[in-house]
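Be aware that the sequence shown starts at 0, since it is given in numbering that gives the first Met the number 0, and climbs by one per residue.
If you are wondering where the hints come from, they were derived from the structure by calculation, not from laboratory data. Hints are supplied without guarantee of correctness; some may be wrong.
[As the list claims (entries may be wrong)] The following label-pair restraints were derived from C-beta to C-beta distances:
# : residue 1 : residue 2 : range
1 : Arg-64    : Ala-86    : 33 to 41 Å
2 : Ala-89    : Arg-22    : 27 to 35 Å
3 : Met-48    : Leu-76    : 35 to 43 Å
4 : Ala-67    : Phe-28    : 18 to 26 Å
Remember, predicted model here, so these are calculated numbers, not experimental data. The beta-carbon is built from N, C-alpha and C at its ideal position, and this holds for glycine as well.
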Amino acid sequence: MIKGLDRLEVITLFVEDVIEAKRFYQDVFGLEVVYENEDSAVVKLNNTMINLLVTENAPTLVEPRPVAAPDAGARLLFTIEVEDADAVCAELVEHGVALLNGPTDRPWGRRTAAFADPSGNVWEIAQLISGEASDQPHSTVVR
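Please put together the full structure from these sequences, using the hints given.
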(Lines of atoms letter the chains of each structure in order from A and count residues from 1; the text may use other names and numbers.)
(Lines give C-alpha, C1' and ligand atoms only; values in the text may rest on other atoms or scores of the structure.)
Protein backbone atom coordinates (compact mmCIF):
# COMPACT_ATOMS: atom_id res chain seq x y z
CA MET A 1 0.00 0.00 0.00
CA ILE A 2 1.21 3.49 -0.82
CA LYS A 3 0.75 5.90 2.07
CA GLY A 4 -1.01 9.15 1.35
CA LEU A 5 -3.54 7.83 -1.15
CA ASP A 6 -6.43 7.97 1.29
CA ARG A 7 -7.72 11.52 0.93
CA LEU A 8 -9.78 12.45 -2.08
CA GLU A 9 -9.47 16.16 -2.76
CA VAL A 10 -10.82 16.79 -6.28
CA ILE A 11 -12.86 14.80 -8.75
CA THR A 12 -12.55 16.03 -12.33
CA LEU A 13 -15.55 15.47 -14.57
CA PHE A 14 -15.20 15.94 -18.29
CA VAL A 15 -18.20 17.96 -19.47
CA GLU A 16 -19.35 19.15 -22.85
CA ASP A 17 -20.87 22.42 -21.60
CA VAL A 18 -19.24 24.01 -18.54
CA ILE A 19 -22.01 26.59 -18.07
CA GLU A 20 -24.74 23.94 -18.14
CA ALA A 21 -22.78 21.62 -15.82
CA LYS A 22 -22.06 24.45 -13.36
CA ARG A 23 -25.72 25.44 -13.30
CA PHE A 24 -26.70 21.80 -12.63
CA TYR A 25 -24.37 21.47 -9.63
CA GLN A 26 -25.43 24.85 -8.25
CA ASP A 27 -29.18 24.32 -8.71
CA VAL A 28 -29.49 20.63 -7.81
CA PHE A 29 -26.69 20.15 -5.26
CA GLY A 30 -26.60 23.73 -4.00
CA LEU A 31 -22.80 23.85 -4.38
CA GLU A 32 -20.69 26.97 -4.29
CA VAL A 33 -18.37 27.77 -7.19
CA VAL A 34 -14.87 28.26 -5.74
CA TYR A 35 -13.02 28.80 -9.04
CA GLU A 36 -13.90 29.20 -12.68
CA ASN A 37 -12.55 30.25 -16.05
CA GLU A 38 -13.76 29.76 -19.63
CA ASP A 39 -12.74 26.07 -19.62
CA SER A 40 -13.73 24.91 -16.13
CA ALA A 41 -15.65 25.53 -12.94
CA VAL A 42 -14.81 24.05 -9.54
CA VAL A 43 -17.64 23.44 -7.08
CA LYS A 44 -17.18 22.36 -3.47
CA LEU A 45 -18.85 19.58 -1.52
CA ASN A 46 -18.21 19.46 2.24
CA ASN A 47 -14.80 17.81 1.92
CA THR A 48 -14.24 17.37 -1.82
CA MET A 49 -14.16 19.62 -4.86
CA ILE A 50 -15.55 18.75 -8.29
CA ASN A 51 -13.69 20.23 -11.24
CA LEU A 52 -16.02 20.57 -14.25
CA LEU A 53 -13.55 20.61 -17.13
CA VAL A 54 -14.50 21.07 -20.77
CA THR A 55 -13.94 17.76 -22.58
CA GLU A 56 -11.60 19.32 -25.16
CA ASN A 57 -9.05 19.96 -22.38
CA ALA A 58 -9.30 16.45 -20.91
CA PRO A 59 -6.92 14.47 -23.17
CA THR A 60 -3.75 15.93 -21.66
CA LEU A 61 -4.88 14.76 -18.21
CA VAL A 62 -5.52 11.14 -19.16
CA GLU A 63 -3.24 10.48 -22.15
CA PRO A 64 -2.45 8.06 -23.58
CA ARG A 65 -5.97 6.87 -22.65
CA PRO A 66 -8.78 8.33 -24.75
CA VAL A 67 -11.59 10.39 -23.26
CA ALA A 68 -14.84 8.46 -23.56
CA ALA A 69 -17.78 10.08 -25.29
CA PRO A 70 -20.81 10.82 -23.09
CA ASP A 71 -22.94 8.40 -25.10
CA ALA A 72 -20.44 5.54 -24.73
CA GLY A 73 -22.16 4.37 -21.54
CA ALA A 74 -21.60 5.11 -17.88
CA ARG A 75 -18.08 6.34 -17.25
CA LEU A 76 -18.25 6.18 -13.45
CA LEU A 77 -20.64 6.28 -10.51
CA PHE A 78 -20.51 8.54 -7.47
CA THR A 79 -22.51 7.55 -4.40
CA ILE A 80 -23.84 9.98 -1.81
CA GLU A 81 -25.28 8.64 1.43
CA VAL A 82 -28.64 10.19 2.28
CA GLU A 83 -31.06 9.74 5.17
CA ASP A 84 -34.24 9.48 3.05
CA ALA A 85 -33.86 8.30 -0.54
CA ASP A 86 -37.53 8.85 -1.40
CA ALA A 87 -37.47 12.47 -0.20
CA VAL A 88 -34.24 13.20 -2.10
CA CYS A 89 -35.70 11.61 -5.25
CA ALA A 90 -38.75 13.85 -4.95
CA GLU A 91 -36.50 16.91 -4.67
CA LEU A 92 -34.45 15.80 -7.67
CA VAL A 93 -37.62 15.47 -9.76
CA GLU A 94 -38.75 18.92 -8.56
CA HIS A 95 -35.45 20.27 -9.93
CA GLY A 96 -36.19 18.69 -13.31
CA VAL A 97 -33.76 15.81 -12.86
CA ALA A 98 -34.84 12.53 -14.47
CA LEU A 99 -34.09 9.44 -12.41
CA LEU A 100 -32.29 6.68 -14.28
CA ASN A 101 -33.57 4.08 -11.81
CA GLY A 102 -34.97 3.70 -8.33
CA PRO A 103 -35.53 4.21 -5.62
CA THR A 104 -34.91 0.50 -5.18
CA ASP A 105 -34.12 -1.59 -2.10
CA ARG A 106 -30.86 -3.39 -2.82
CA PRO A 107 -29.75 -6.72 -1.32
CA TRP A 108 -26.66 -5.05 0.18
CA GLY A 109 -28.80 -3.02 2.58
CA ARG A 110 -29.26 0.27 0.75
CA ARG A 111 -32.19 1.97 -0.92
CA THR A 112 -30.71 3.57 -4.03
CA ALA A 113 -31.61 5.70 -7.02
CA ALA A 114 -29.44 6.96 -9.85
CA PHE A 115 -29.47 10.09 -11.99
CA ALA A 116 -27.08 11.71 -14.46
CA ASP A 117 -25.72 15.20 -14.84
CA PRO A 118 -25.99 16.91 -18.25
CA SER A 119 -22.73 15.29 -19.43
CA GLY A 120 -23.80 11.75 -18.53
CA ASN A 121 -21.87 11.41 -15.25
CA VAL A 122 -23.95 9.11 -13.05
CA TRP A 123 -24.71 9.84 -9.40
CA GLU A 124 -26.36 7.49 -6.94
CA ILE A 125 -28.07 8.32 -3.69
CA ALA A 126 -28.02 5.56 -1.09
CA GLN A 127 -30.02 5.27 2.11
CA LEU A 128 -28.97 2.73 4.74
CA ILE A 129 -31.92 0.35 5.28
CA SER A 130 -30.36 -2.50 7.24
CA GLY A 131 -28.11 -2.99 10.26
CA GLU A 132 -25.04 -2.66 8.02
CA ALA A 133 -22.40 -0.23 9.29
CA SER A 134 -23.03 3.18 7.70
CA ASP A 135 -19.34 3.73 6.99
CA GLN A 136 -19.12 0.65 4.75
CA PRO A 137 -19.80 1.70 1.17
CA HIS A 138 -22.05 -0.56 -0.85
CA SER A 139 -19.34 -1.05 -3.45
CA THR A 140 -17.43 -3.28 -1.03
CA VAL A 141 -20.36 -5.64 -0.64
CA VAL A 142 -20.40 -8.69 -2.90
CA ARG A 143 -23.47 -8.48 -5.10
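To see whether the hints hold, each was checked on the structure:
no.	hint	in the structure
1	Arg-64 with Ala-86: 33 to 41 Å	holds, 39 Å
2	Ala-89 with Arg-22: 27 to 35 Å	violated, 21 Å
3	Met-48 with Leu-76: 35 to 43 Å	violated, 19 Å
4	Ala-67 with Phe-28: 18 to 26 Å	holds, 23 Å
Violated hints, listed in ascending order, are 2, 3; each of the other numbered hints is respected by the structure.
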